[in-house]
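Peer 1: This is what each chain is made of:
Number of protein chains: 2
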Amino acid sequence: MNRTYIKDITTGCRHSISGFVENLRNKRTMAFLVIRDITGKLQVTLEKEKYPELAALVDQLTIHSVVTVEGEVVANEYVKMGGIEMLPDAMTIHSVADALPIKDDSEIDSKMDFRWIDLRREQNHLMLQMQTTLTNSMREFLVNRNFVEIHTPKLIGAASESGSEVFEVKYFDTKAYLAQSPQFYKQMAMASGLDRIFETGPVFRAEKSYTNKHATEFTGFDLEFSYVTSCEEVMHMEEELLAYAFAKVAEKHGEDIKRLFNKEVIVPTVPFPRIKLKDLYAELEAMYGYTVAEDAKGDLTTEAEHLCAKYSMEKYGSEFLFVTDYDAKERAFYHMRDDQGVPMGYDLIWRGCEITTGAVREHRFDVLKKQADEKGLAADVEFYLQFFRYGCPPHGGFGLGIDRLTMLFLGLSIKEAEFLFRGPNRLTP
Amino acid sequence: MNRTYIKDITTGCRHSISGFVENLRNKRTMAFLVIRDITGKLQVTLEKEKYPELAALVDQLTIHSVVTVEGEVVANEYVKMGGIEMLPDAMTIHSVADALPIKDDSEIDSKMDFRWIDLRREQNHLMLQMQTTLTNSMREFLVNRNFVEIHTPKLIGAASESGSEVFEVKYFDTKAYLAQSPQFYKQMAMASGLDRIFETGPVFRAEKSYTNKHATEFTGFDLEFSYVTSCEEVMHMEEELLAYAFAKVAEKHGEDIKRLFNKEVIVPTVPFPRIKLKDLYAELEAMYGYTVAEDAKGDLTTEAEHLCAKYSMEKYGSEFLFVTDYDAKERAFYHMRDDQGVPMGYDLIWRGCEITTGAVREHRFDVLKKQADEKGLAADVEFYLQFFRYGCPPHGGFGLGIDRLTMLFLGLSIKEAEFLFRGPNRLTP
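Top line first, the protein sequences correspond to chains P and V. Counting with numbering that gives the first Met the number 0, you get residues 0 to 428 for the letters of the first sequence. Counting with numbering that gives the first Met the number 0, you get residues 0 to 428 for the letters of the second sequence.
Among the clues, some could well be false.
All copies of an identical chain are treated as equivalent in the list; a pair is satisfied when it fits inside any one copy or across any two copies.
[Stated by the list, open to error] No more than 30 angstroms apart at the CA atoms, straight line, and that leaves these computed lysine-lysine pairs for DSS-like:
(1) K374 - K275
(2) K207 - K169
(3) K262 - K40
(4) K314 - K212
(5) K257 - K79
(6) K102 - K368
(7) K169 - K374
(8) K328 - K110
(9) K309 - K212
(10) K110 - K369
(11) K328 - K277
(12) K26 - K40
(13) K207 - K174
(14) K169 - K212
(15) K369 - K296
(16) K207 - K247
(17) K368 - K110
(18) K110 - K174
Hints in this document: simulated from the structure, not taken from any laboratory.
Next up, chain P with everything else stripped away, as it sits in the complex (with noise of 0.2 angstroms):
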């Protein structure tokens, strides 16, 4: 018979279900299995002796093995697990289980070495869930307005930007990289004139840190589109982008997540607040005696990241807020300056943490060379600088971390919102 998912068991009918054994009181003339599956969990009740052979195949069960079961199901006050349970009279057991090495409080180091077993909880399922909605929508929002989806190359022959440390490759009998970002590829794709593009792939920093927001490989999420020429439009867009996906996870996990993980998920209204980095500093300053060197003043420090959520939350009632104007110093030398020499981008915090860094782009060869001249780059980017010779578009665009974004909705480190973390001490399993 088929198999039925464990939310839309009906009672009254006889059911197959399938899934991991959760919990098992085997007793003398009765045994009592809880059954967890992707949508819920079943309580199995068998009388032994009515059906012997069954009685024989649970002897044989442990925590965590696998069946398929069998059976009607019926209302039963007494059940604490929706008031229904099934009354089993076939079963198949797919795989028995090993005492399972970890448990639901272990060390977090224990967990990522077992990690298909932590990932069973159902936090993580909902985790991946919630993932998936919000990858997905981002996708249907920018397919519905003529994005197109690109895979650009994660072997690279030169080194992508400097800045952060890429991992090296033995590629034949020469050397590739691994890129850090797609950002000179997804340029490539305006200089190819495809208008707008958006790419989901791997991301690889080779960076010895060890803090809970960092990884060696991440799933970016990265769109340039063309004609863009205010930090406006690149704001616009990605405010509608995330306000659209946010109300996709809300409906369809919102209510999992408040009861998982005790998080809201605030959908958020467009348009977001915007902010001068320079007026930030201003503010929090008055509002809450934040202070900081006139000289570091052209970039935004870790605590005053941090203070974004309360203020951004306190002046405006939004858990997101843009900050511009950076000082050049401190942004790639591929955003485009205005008159005054001021970057045309913006980081974008969510819950007092960066998850974007967002600009129109410098498109005329000779600006941009000045610019990465000016940073000493020239050399190194000289690939990536012909993409601007031979006619190119002005453009913009942004980049997510996928596992930074589902680390903040759900108020988990980076090692728990991987499918596989990887560190610089973590390449397995």
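With chain P fixed as given, assemble chain V onto it according to the hints.
Peer 2: Showing chain V alone in chain P's frame:
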């Protein structure tokens, strides 16, 4: 004024269009420009005496320069391009192109050197739009069937499967490798109770192959689902998935693919024909006199693979053919085998080219370990074997190469079908 896509242009109104100068005839009193954006082309006809300032701008233009042009759009029966033209009264030059280093008929390697210019061709825009529809339709199909999207690590601690060569990465004080397939991790997701998962991501193969269908990096589309006990279920999922996605591609791009590539998009009917390898060889011999040595009949020869195009069309009127019952010697150790020792897997052949290997996987730790041992792999895959010790549902799945599908859809080589091709001698741009 807001930009209008060229396909949406209507006569009798003012419009602003943005795009590349595809063609340029700058005469004494008149200038004729063809502007192309991602949606189409429009003739722009300038009366130079009436707008001397625009005439001066046009004098600066070169082929593939990028402009925004505004003006009234009118009907003109003498204009070949749709019988309409724009009479411009304003123009902005965004980017002046240097003389182009390649032409439409340049050698493939020159085109690869300047891929961003080559990608501007209408065919290549269509190729990436078609790929976007294909991939996103497949995701939509799966999300609607409770599949969860995952992102498995590409940096791995041990070479994943034997057979294909893997790239080695310098990873701080140790070594990592680039995943040549998400196979092991998508199975890990089954052990995690995620029930049904898919992934789109890069796949790396350190093979010195110079054929027109091999690349060192390409985009894989992989899925895996639980409680599968027959090869039939896996094949059925795949044929339904492809029929759905092909219908979307035909609907959205069928006409353009016919016009620009002279290829029909044939939406397949389900079920696709299925044949055992042994029976296929008998048929190929009977119908085409194709013979092969007995000891080569455990696998599909390249010639037999090509012949499948003709055979499946003549016999079943189908471009697709599932071939089952390969010899266990020729298949991966993780394919489940039936009572006769025959792997419960298949290859899917489309237009004479293998596009998938699918199978029911062996989820029983002891059997799996024995099968790994037989192939001398047990030590290499020790970390993977652990996934099956603590409970794992039966499962199956398959993988597709997005680039290979694109290639076959449009009749291209792999170099032409990737956004940026990577091969043993090709790491740039």
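Peer 1: Where does the structure disagree with the numbered hints, that is, which hint numbers, in rising order?
Peer 2: The structure breaks hints 8, 16; every other hint is satisfied.
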